[in-house]
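Turn these sequences into a full structure, and let the hints steer you where they fit.
End of the sequence shown = 269 in the UniProt record's numbering, gap-free, step of one.
Source of the hints: derived by calculation from the structure; they are not laboratory data.
Quantities reported herein were computed from a predicted structural model and do not represent experimental measurements.
Here a beta-carbon is modelled for each residue, glycine too, at the ideal position from N, C-alpha and C.
Check the hints yourself; a few may be wrong.
Have a look at the derived ranges for each label pair, beta carbon to beta carbon [stated by the list, open to error]:
1. 198 <-> 98: 29 to 35 Å
2. 143 <-> 86: 18 to 24 Å
3. 230 <-> 256: 47 to 53 Å
4. 170 <-> 235: 41 to 47 Å
5. 74 <-> 143: 55 to 61 Å
Derived lysine to aspartate or glutamate pairs resembling DMTMM-like cross-links, with alpha carbons at most 20 Å apart [claimed, not checked]:
6. 128 <-> 109
7. 68 <-> 13
8. 187 <-> 170
9. 159 <-> 170
10. 152 <-> 170
11. 128 <-> 70
12. 50 <-> 109
13. 50 <-> 15
14. 90 <-> 115
15. 68 <-> 80
16. 226 <-> 13
17. 4 <-> 54
18. 79 <-> 42
19. 68 <-> 103
20. 128 <-> 80
21. 226 <-> 197
22. 12 <-> 235
23. 226 <-> 237
24. 216 <-> 73
25. 68 <-> 132
26. 68 <-> 15
27. 200 <-> 214
28. 90 <-> 153
29. 68 <-> 58
30. 187 <-> 203
31. 128 <-> 73
32. 90 <-> 70
33. 79 <-> 13
34. 12 <-> 249
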Amino acid sequence: GLTKVPVGDQPKDIEQQIRSMLLTYITNPNCLILAVTPAIIDLANSEALKMAREVDPEGQRTIGVITKIDMMDQGTDCKEVLENRVYNLKRGYVGIVNRSQRDIEGKKDIRAAQDSEMQFFGSHHVYKHMADRMGSRFLQRTLNNQLSQHIKETLPSLKQKIQDEIDNLETTMGPMLHRAELDDTEKTKIFMTLIQDFSKKVDVVLGYQQEFVDTKELSGGSIINKILYQRLPYELEKVKPEPTKARNELKIAIINSQGVRTSIFTPDV
1 GLTKVPVGDQ
11 PKDIEQQIRS
21 MLLTYITNPN
31 CLILAVTPAI
41 IDLANSEALK
51 MAREVDPEGQ
61 RTIGVITKID
71 MMDQGTDCKE
81 VLENRVYNLK
91 RGYVGIVNRS
101 QRDIEGKKDI
111 RAAQDSEMQF
121 FGSHHVYKHM
131 ADRMGSRFLQ
141 RTLNNQLSQH
151 IKETLPSLKQ
161 KIQDEIDNLE
171 TTMGPMLHRA
181 ELDDTEKTKI
191 FMTLIQDFSK
201 KVDVVLGYQQ
211 EFVDTKELSG
221 GSIINKILYQ
231 RLPYELEKVK
241 PEPTKARNEL
251 KIAIINSQGV
261 RTSIFTPDV
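This is the structure in structure tokens:
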């Protein structure tokens, strides 16, 4: 979920970390977005739909899921939302009823929970006319069908994009590599030059050779530095293994890593 307030050992910027991670995926135009919103909050306050709208303003890639419908206040319902009349999504909404904490503690299995879910929708005077389009079973089928269809729709353009890249490389490299007068040594020199150019660009990204300095956000090598010297120590501090157990596990790991080979030096563990 979209954590807003850090609790326990969570980092102070947990909200930004989760948001950045999600944006990494959902900004991809080939990605389908599953926006899950509890029915007990106003749709206008849905963080999931808010983020989805940022990258998919027309609702072409977003599938809406409304949970906790059985927990809504007496006399209220989400009929208009499920009928796609509040915030329109091309792929529509599916309502589901999850197991309650009592169900979980009572060891109610998934099949029984799904049966109860369908009984809820089928017997509810507001939702019974759409019961065949509700529930976790229908959601599972919908996701499977829409993902398959989405792959079929995007595959041709992806294939064409790859072919365009190949054609571009052929156009750029072809004349150099297919010249009859070039021997293997000269071809190797060309590749080495390209590798060196690429290496220089990597150095620029990592901050070894800076063409300009970004003053708004961390980038390149500074992100790696932050992970290694701030995030990693923080995560390691949270891990407090039992000394004897850790020593034994490490010893076994070293022996297993050697396999059938013998080692001249065996570290003291």
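Hints, one by one, checked against the model:
1. Against the hinted window of 29 to 35 Å, the Cβ-Cβ separation of residue 198 and residue 98 comes to about 49 Å, which falls outside the hint.
2. A beta carbon spacing of about 22 Å between residue 143 and residue 86 agrees with the range 18 to 24 Å that was offered as a hint.
3. At about 32 Å, the beta-carbon gap between residue 230 and residue 256 misses the expected band of 47 to 53 Å.
4. Checked against the hint of 41 to 47 Å, the C-beta distance between residue 170 and residue 235 comes to roughly 45 Å, which is consistent with it.
5. Checked against the hint of 55 to 61 Å, the pair residue 74 and residue 143 fails, with Cβ atoms roughly 32 Å apart.
6. A distance of roughly 24 Å separates the Cα atoms of residue 128 and residue 109; the hinted pair therefore is violated under the 20 Å criterion.
7. Pair hint residue 68 plus residue 13 does not hold up; C-alpha atoms about 28 Å apart against a cutoff of 20 Å.
8. Simply put, residue 187 and residue 170 have alpha-carbon atoms about 15 Å apart, close enough for the 20 Å limit, and the pair holds.
9. Among the hinted pairs, residue 159 with residue 170 is consistent with the structure: their alpha-carbon atoms are about 16 Å apart, no more than 20 Å.
10. About 28 Å separates the Cα atoms of residue 152 and residue 170, which puts this hinted pair outside 20 Å; it is violated.
11. Only pairs whose Cα atoms come within 20 Å are accepted, and residue 128 paired with residue 70 is accepted, the gap being roughly 13 Å.
12. Between residue 50 and residue 109 the alpha-carbon distance is near 33 Å, which puts this suggested pair outside the 20 Å criterion.
13. A hinted pair counts as satisfied when its Cα atoms are at most 20 Å apart, and residue 50 with residue 15 qualifies at roughly 15 Å.
14. Taking the CA atoms of residue 90 and residue 115, the gap is near 28 Å; set against the 20 Å cutoff, the hint is violated.
15. For the suggested pair residue 68 and residue 80, the alpha carbons sit about 16 Å apart, so the restraint of at most 20 Å is met.
16. Using a Cα cut-off of 20 Å, the hinted pair residue 226 and residue 13 holds, with the two alpha carbons roughly 13 Å apart.
17. For the hint linking residue 4 to residue 54, the alpha-carbon distance of about 18 Å falls within 20 Å, and the restraint holds.
18. Distance hint between residue 79 and residue 42 is fulfilled; the C-alpha atoms sit about 13 Å from each other, no more than 20 Å.
19. Between the alpha carbons of residue 68 and residue 103 the distance comes to roughly 14 Å, so the proposed pair stays at or under 20 Å and holds.
20. In summary, the hint linking residue 128 to residue 80 is supported, as the alpha carbons are separated by about 14 Å, within the 20 Å threshold.
21. As the CA atoms of residue 226 and residue 197 are separated by approximately 27 Å, the hinted pair breaks the 20 Å bound.
22. Between residue 12 and residue 235 the CA atoms are separated by roughly 13 Å; this keeps the pair inside 20 Å, and the hint holds.
23. For the hint linking residue 226 to residue 237, the alpha-carbon distance of about 16 Å falls within 20 Å, and the restraint holds.
24. Restraint check for residue 216 and residue 73: the C-alpha separation of about 45 Å exceeds 20 Å, so the hint is violated.
25. Taking the CA atoms of residue 68 and residue 132, the gap is near 18 Å; set against the 20 Å cutoff, the hint holds.
26. Annotation: proposed proximity of residue 68 to residue 15 is violated, straight-line Cα distance about 23 Å (limit 20 Å).
27. Restraint check for residue 200 and residue 214: the C-alpha separation of about 18 Å stays at or below 20 Å, so the hint holds.
28. Only pairs whose Cα atoms come within 20 Å are accepted, and residue 90 paired with residue 153 is accepted, the gap being roughly 15 Å.
29. Distance check on the hinted pair: residue 68 and residue 58 sit about 26 Å apart at the alpha-carbon level, beyond 20 Å; violated.
30. The hinted pair formed by residue 187 and residue 203 fails the criterion: a straight-line CA distance of about 25 Å is larger than 20 Å.
31. A hinted pair counts as satisfied when its Cα atoms are at most 20 Å apart, and residue 128 with residue 73 qualifies at roughly 18 Å.
32. Under the criterion of a C-alpha separation no larger than 20 Å, the hint pairing residue 90 with residue 70 is inconsistent with the structure, at around 25 Å.
33. A distance of roughly 37 Å separates the Cα atoms of residue 79 and residue 13; the hinted pair therefore is violated under the 20 Å criterion.
34. Taking the CA atoms of residue 12 and residue 249, the gap is about 33 Å. The hint is violated against a cut of 20 Å.
In summary, the structure is inconsistent with hints 1, 3, 5, 6, 7, 10, 12, 14, 21, 24, 26, 29, 30, 32, 33, 34 from the numbered list given earlier, while agreeing with the others.
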